[in-house]
Each structure stands twice: as structure tokens, then as C-alpha cells.
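Peer 1: Read top to bottom, the protein sequences are chains A and B. When we follow our numbering, the leftmost residue of the first sequence carries the number 1, and every step to the right adds one. When we follow our numbering, the leftmost residue of the second sequence carries the number 1, and every step to the right adds one.
Hints may be right or wrong, so weigh each one.
Said to hold, decoys possible - Each computed DSS-like pair below joins lysine-lysine, with the alpha-carbon atoms no more than 25 angstroms apart:
#1 B:Lys173 <-> A:Lys192
#2 A:Lys343 <-> A:Lys251
#3 B:Lys169 <-> A:Lys192
#4 A:Lys357 <-> A:Lys372
#5 A:Lys251 <-> A:Lys302
#6 B:Lys169 <-> A:Lys38
#7 B:Lys5 <-> A:Lys192
As the list claims (entries may be wrong) - To spell it out: a stretch of chain A is covered by chain B in this simulated footprint if at least three of its residues, at any positions, have a beta carbon under 8 angstroms from a beta carbon of chain B; those stretches are:
#8 9–21
#9 90–99
#10 157–168
Unchecked claim - Chain B stretches covered by chain A per the calculated footprint, using a threshold of three residues with CB under 8 angstroms from any CB of chain A:
#11 5–16
#12 26–32
#13 82–95
#14 106–117
#15 142–156
#16 163–172
Don't read these hints as lab results, they were simulated from the structure. By construction, the Cβ of each residue, glycine as well, lies at the ideal position given by its N, Cα and C atoms.
Each chain, written out:
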Amino acid sequence: MGPLVPYIISEEFGLVIALAIGVAFGFVLEQAGFSTTKKLVGLFYGYDFTVLRVFFTAGVTAMAGVLLLGHFGLLDTSVIYVNPAFINSALIGGAIMGVGFIIGGFCPGTSVCAMAIGKLDALAFVGGSILGVFAFIEGFPLLEKMYHANNLGQIKISEYFGMSDILFGFLLAAVAVAAFIATWYIENRVNKRKNVLEPGMKNKYALAIATLFVVLGIVAFLPGKEDIINMQIAKAKRQQSCVFKEIPADKLADDIVNNFYALNVIDVRPAEAYEEWHLPMAINIPFDQMLERQNKAIFNQKLRTNIFYADDDTLVRMACLKAKFAGDSENMILSESAEEFRKLFFEPEIPEAGSGKQLLNIYNYRTNAARKMLEMEAAMKSRSAPVKREVVTVRGGC
Amino acid sequence: MTKPKPYMNPYLAGFLLGLVLLATIYISGRGLGASGAFKSVVIASVETFAPQHAENTAFYTGFAKDNPGGPWKNFLVFEVIGVIIGGFFSGVIGNRVGLKLEKGPRVTNTLRVVTAILGGALFGFGSQVGRGCTSGAALSGMAVLSLGGILTMAAIFGAAYGLAYFFRKLWLK
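Okay, chain A solo, but in the shape it has when bound (with noise of 0.2 angstroms):
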């Protein structure tokens, strides 16, 4: 699952493919136009509309392809970098890139690509962007206060408006495809062409308009892997027909204080209820969580079972088919409840004077038991915990 920086891939690695990237940026850049100030002011004069096609083409197609893999669990949304929203800066600065660029005739990044066919006027826009860059670093404490002001947080513009991504993927889609017709009537007049276009190309554009809409619809209506796993498992509820592999409260104590490398004690409750008492050894994946990303490598691996445990008979069975559905390793649950495995070990009741031996064992085996695990937990405790994973969220921006 995507973003394979860091744990798929290292950062050091990503600096590889940084480089490789760029290749394929810069190359797509020039093969389009943009190593000329003539193709990129054409915009803003109305003779030549090739940026906003590139421009809205790309972001259409990114956006689409996004949408298309979080869906399908290919690549975890939550994770990846969304431009914070400082309002005040984002305007601000903006403008002012604007009025650089009908000046200059470049932005950042078609300036350096036009340097590289050795465009003078693009090295010369270069240098002025470095002493840019160096003149707000030493104007910095004077413009902090704006920097900062009127945060809204890493927001996306859907949330702003209170939709769904999809619903505004297809709004953008369509504002795109609006915008390139229209500039296509804008285009021809300016330039006294005649509204023709190049044969056979007609069938080309209908085709790629209608795979984006098609893109955006699987989106919209087929059902995604997070939708087809709770429909899995809401079906097997239903049907009673998964046999559940069981672990009685004694035999998984013997196997904490014996055999701990070889399990996961996983709860998945709420955090709160895991902090109030947990199994000892037992690490915290609350239900609603057990798909992030960091956790995956704990539901795709054969060297231990996974044993769950909760509160509640549902919750525990609903756990134990999630990681079935999303994952392959080996599943137990628990027979009793946390609560249930807190009184037998850690407030058994005292065997009347006069009861069996066996009751007498049994307590005594439950004391010690319980003695072990807490000995074992604080002596763990120096080592960091092996298969919990950090989330790592990504940093960006220019």
C-alpha cells in the first residue's frame, strides 16, 4: 500500500527516485511547450492556451488516479501530504507569483527546465528566484505574523465545502473539460483560425473524457476494499458459518509466560479502555484502526498468531474477519473478555478451606500466572515493543 516511502521504500532510496521523477517531469515539461515564454504568457493573452490544457489535463489526472487507488486501498489517503491552508499566505503569495510571472514569463519549475536547453532568459529568472528566496529568509521575522496567520490546517477543499472528494472530483472534471472547450472557441478567434479540428482527433478527445467520467463513476459507485471487507464481514455474521479458532483464558496465560514471541495479544478496543487495563503483553489496535497502514504488517505475517481479545462476543469475531479479510496470518480470539481474564488472574477468588485440590491448583497455577506476566510486561518494558509501528505522516511543500 501506497505511499512506499518510508517503510517500503527508504528515504535514502526515495532521493533515487526523486531524481528519476524529475527526469520524467522535465522531460514531459519541454516535450509540451513550457521551455518558452511564448507558449507559457500565450495564456494570459489568450493566443495560445497550452498550459491550462497541460496544466488542468495533469491535475485532472492525478486527482482521478488518487481517488481511483485510495479507494481500492492501494494507497492510504490519510497519510498523504495535503497543502495546509494558511489563507492569508496562500493569497498573498500567490498574487505575488503572479505578478512574477507576467514579468518574468516563467514559474519555478518551467524556468529551470527551459535553463536546460540553455534559454538565457530562463537562467537569468532562475537567479532572480534564488535572490527571491534568500530576500524572504532575511525578511522572515518581518513576515512571520502573516506566514502564520489564518491557519485552517491541512484541509482538503471538499471538506471545505462540506462534499465528498468524489463529488468534487467530478465537479473539477467537468469544469476542466468546460474550460477546454471554451478555450478552444477563445483560441481559434484570437488566432483568426477556423473551428476545425484535426481529423480523427474528434473520436480520440470523446474517448478520454468519457474514460475519466467512467474513472470517477467506479469511484463513485463500485464498492471499495474497506466497503467489501465490512461486507464480508457483516455476511459471515450473518451466516454464522466462520468457525472461530478459540483460546481459553488459562491456555493463553501459559502461552504469554512461555511461548511470547510466538503470539500477538492484540485488543482492540478503544484506547481509552485499553489504557484503564489491558492484558499484560497485549498491544492496543482499536477496531476502526486495524486497516491503517502501520498495522498491516502485523495482519500479513506467519511467524505469530494473533490472538484477539475485546469486551464484547461481537466486537472480538468482527476483529477476528477483518484481519482475515485484510490480511493472511494465523487468528485467534480470546473465549473470555477483558474483563472476564482481569478477575480469573488478577482477583481470583480464594478457595474455601475444605474445597478440592483441584480448585486449589487451579488457583494456584492462576496466581502464579499472573505474577509471571507482570514480570514479564515490566521486564519488557526496557525493550522497545517489536511489531508496533509508528504513523508516519509526509512532509512537503516547496
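Once you have looked at the hints, place chain B on chain A.
Peer 2: Chain B in isolation, oriented as in the chain A frame:
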């Protein structure tokens, strides 16, 4: 010299650029960018030529703390080096490589260089204020539906369109 080849169909180029951006997001969780590399150049230069100033200024020490690998060990720096390679490669294929000062028909060489530096300075300054440029904020922001990125985009193109009339002598006949 042979004639330059025509440019790629803009929609095809846009589609390919979109795939590059999508791959970037899939691999690294972040979008494309350019102006961040300029920041690295500035910071590395100041740290080299005026180390005392860098040690005594909050912005540089803050950057050093956030980037323990130094200003060069940065995603955007490597990406922009790639842009130079990729752009040059494409220029070679399309017969477009060569030293040239491109300018509007009514503009002198000096004026073109001055406006390019001035425009660059404004763009560089603005990109730091707005936390990203056309690629980092506007394009990548659109792909992840970022409110901030889309606002920045609107401001960039709004300002450029609004002022285009006043600067027409720089570009038109």
C-alpha cells in the same frame, strides 16, 4: 541546424504529467515541486559563505533542525536535478537546444534580462510566502484537493490575468 520538431499534443502531455504526479504521490506521499530546491540552494550558500550569520539566524537554525541531512539531502533538490536532465534530453530529441535569449518583439536584451530577474525574484519570494509554487502548491494541491493549493493557484492566475494588460508591451507586437 535542423528545424525544431513540433511539441507534443497538450492533452497527451498533460496526461503524462498527471501520471508522473500520481507516481510521485504513490511513491513518496507528496507531490512535485520546484521552488523548494531554490531554498536549498540559498540555505546551502549562506551556510557555506556566511556560517556565522546562519548560526545566529532563527530561520537557518530551524531549517537545520528540521533537515538533519543538510539542505542537499532533499527530495526536491534531486527532483530538480532530474528536471534539468529530462528537459535537456527532450530538447535534444526535439532539436530545441541552443543558447538563446528569448524575448517579446518590442523588448531589448537588457530589458528582458532585467524583467526575468525581477519576475524570478517576485516568484521566488512569493513561492516562499505561499508555501509552494505552481508545481508544489497549485498542481500538486489540485491532485489532492488541497484548499490551500487551489487558493494559491487561483491567486497566481488571477493576478497574472489581472495584470496581463499592463505588461502587454513586454510580450506582444
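Peer 1: Next step is simple, just say for each hint if it's right about the structure.
Peer 2: Hint check results:
no.	hint	verdict
1	B:Lys173 <-> A:Lys192	holds (16 angstroms)
2	A:Lys343 <-> A:Lys251	holds (16 angstroms)
3	B:Lys169 <-> A:Lys192	holds (21 angstroms)
4	A:Lys357 <-> A:Lys372	holds (22 angstroms)
5	A:Lys251 <-> A:Lys302	holds (21 angstroms)
6	B:Lys169 <-> A:Lys38	holds (13 angstroms)
7	B:Lys5 <-> A:Lys192	holds (24 angstroms)
8	9–21	holds (count 9)
9	90–99	holds (count 10)
10	157–168	holds (count 6)
11	5–16	holds (count 8)
12	26–32	holds (count 7)
13	82–95	holds (count 11)
14	106–117	holds (count 5)
15	142–156	holds (count 15)
16	163–172	holds (count 7)
When the structure is compared with the earlier hints, no violation turns up for any of them.
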